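Turn these sequences into a full structure, and let the hints guide you.
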Amino acid sequence: MMARLVAAAVFVLLPWRAAAADPAYVVMADGGAVARVITAGACPVLRIDGRRQTMNLRAAAGTVPQRTTASTPENSKASAFPVNVCETPLPAGAHKVTVGKRRLPVPRAEVKRIIVIGDTGCRLKASDDAWQACNDPKAFPFARLAAQAAAWKPDLVIHVGDYHYRENPCPAGNASCAGSPWGYGWDAWNADFFAPATPLFAAAPLALARGNHESCARSGQGWWRFLAAQPRSASQDCDDPANDNQGDWSPPYAVPLGRGAQLILLDLSAAGTKALAADDWRVARFQQSWDRMAALAAQARSSFAVDHYPMLGIAAVREGDTVALKPGNHAIESVFGRNGPRQLPAGVDVILSGHVHLFQQISFASDHPSQFITGFSGTLEDVVPLPAKLPPGTVPAPSAIPEAFSSWIDGFGYMTLERTGRSRWRAVVRSLGGAIINRCTIEGRHSQCDKDQPTSGG
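Numbering (the numbering used here), first residue to last: 169 to 626.
It is possible that some hints are incorrect.
As the list claims (entries may be wrong) - Below, a list of computed lysine-lysine pairs in the BS3-like style, where the Cα atoms sit at most 27 Å apart:
{"hint": "1", "residue 1": "K306", "residue 2": "K293"}
{"hint": "2", "residue 1": "K494", "residue 2": "K557"}
{"hint": "3", "residue 1": "K269", "residue 2": "K321"}
Said to hold, decoys possible - Have a look at the derived ranges for each label pair, beta carbon to beta carbon:
{"hint": "4", "residue 1": "P409", "residue 2": "A445", "range": "19 to 29 Å"}
{"hint": "5", "residue 1": "P409", "residue 2": "P250", "range": "19 to 29 Å"}
{"hint": "6", "residue 1": "A445", "residue 2": "T222", "range": "46 to 56 Å"}
{"hint": "7", "residue 1": "G488", "residue 2": "P250", "range": "45 to 55 Å"}
{"hint": "8", "residue 1": "R220", "residue 2": "Q398", "range": "25 to 35 Å"}
Simulated from the structure, these hints should not be mistaken for lab results.
Nothing here was measured: the structure is a model prediction, and the numbers come from that model.
We treat Cβ as the ideally placed atom computed from N, Cα and C, and that holds for glycine.
In structure tokens:
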């Protein structure tokens, strides 16, 4: 059992001052919104509709003992967090929330405008020999993208997971990423997400899905400190590998959108891609996720599921001289499929996902939710495009028959969702340069895009 004592490094905490560098943001959690501040000082005072309230300490500054990670030992180090994470739940109906001179966004009773982003970090990974040019704002444009998206004035920002990509040190002599922080501590988290995402923090509350990059063997320690909606506990903080089966899962929860609509946030980040054996610990947890999702969906008129892995999407990989399609997710399907061919419970109309570094939309002739993928908001894109039309017989899950399909892989971007009726949304895919790449409509479980290619997926 790994010792849980903080290492010898000592961080001196100063009284909090309203420093612009201290990230301040609002996370949508189960039952409401939570304001958070990351600071090198003591926890600050919030003003909530004129009332002063000192924030609570979620995670104290310190360096945690080095743990086993997905990276090799020479590409690993102990995670240093020389910052406190402070939080305060916001009462329902709060109107004005400030910290220092900064005003934080508050949830709206009816959400009409949503930004959807995903896979945003700068990729530095030795095992893939992948070295994104983090020092080049054109090659790593997340800061520009965040500012552009925030200017659209959303009511809510959805991130479909994978925030942290700076896992390993930039190779010597590589000027494009020289000097980049790396590892799983605060410096890499700040460079990859918190500093560039600042405009979004001021624009709207955040609904955050957990990606596989935030698993315990990768940047899970930071996930539980900074972004997880659930309370942080000693058995679920990813510090001790002996507790990873607890730290690598959390139950679904709902975020209301008003007028009978909601998001359901899932944590299936530990899924992987291979079908799960019956005795795998994930089977029971994922079935709990399905059961809870079904109960939440039954309480609303329509639901968007938000999950990092696109269980009804299609990926492409190059195998020698040919391109092979990789449909769905066998790990999730091996559990969710036991509950019926639909994969998702009744009432779940749309799945928002990432993981595949492109934009994609699939609507189904069968009784399956529409799948949208927005994994194209900052990290290195996938280099293998999908065909304009899916080959006959391509199904992402058993009996999931594609009806319409569109995909884009030619640049960075994000998606906007705008409510146009009780069960209708307009989805617009936007490039980093501001161009409209695709326009889509969503009504119930059906979606249709301007650039859809009808397909005989059966």
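Okay, the hints, checked on the actual structure:
1. K306 / K293: Holds: K306 and K293 sit about 19 Å apart, inside 27 Å.
2. K494 / K557: 15 Å, holds
3. K269 / K321: Roughly 20 Å between the alpha carbons, so the hint for K269 and K321 holds.
4. P409 / A445: 19 to 29 Å: With a Cβ separation near 21 Å, P409 and A445 satisfy 19 to 29 Å, so the hint holds.
5. P409 / P250: 19 to 29 Å: For P250 against P409, whose Cβ atoms are near 23 Å apart, the range 19 to 29 Å holds.
6. A445 / T222: 46 to 56 Å: Check passed, 48 Å falls within 46 to 56 Å.
7. G488 / P250: 45 to 55 Å: Because 48 Å falls inside the window, the suggested range holds.
8. R220 / Q398: 25 to 35 Å: At roughly 27 Å between Cβ atoms, Q398 and R220 fall inside 25 to 35 Å, so the hint holds.
Comparing the model with each numbered hint stated earlier shows that all of them hold.
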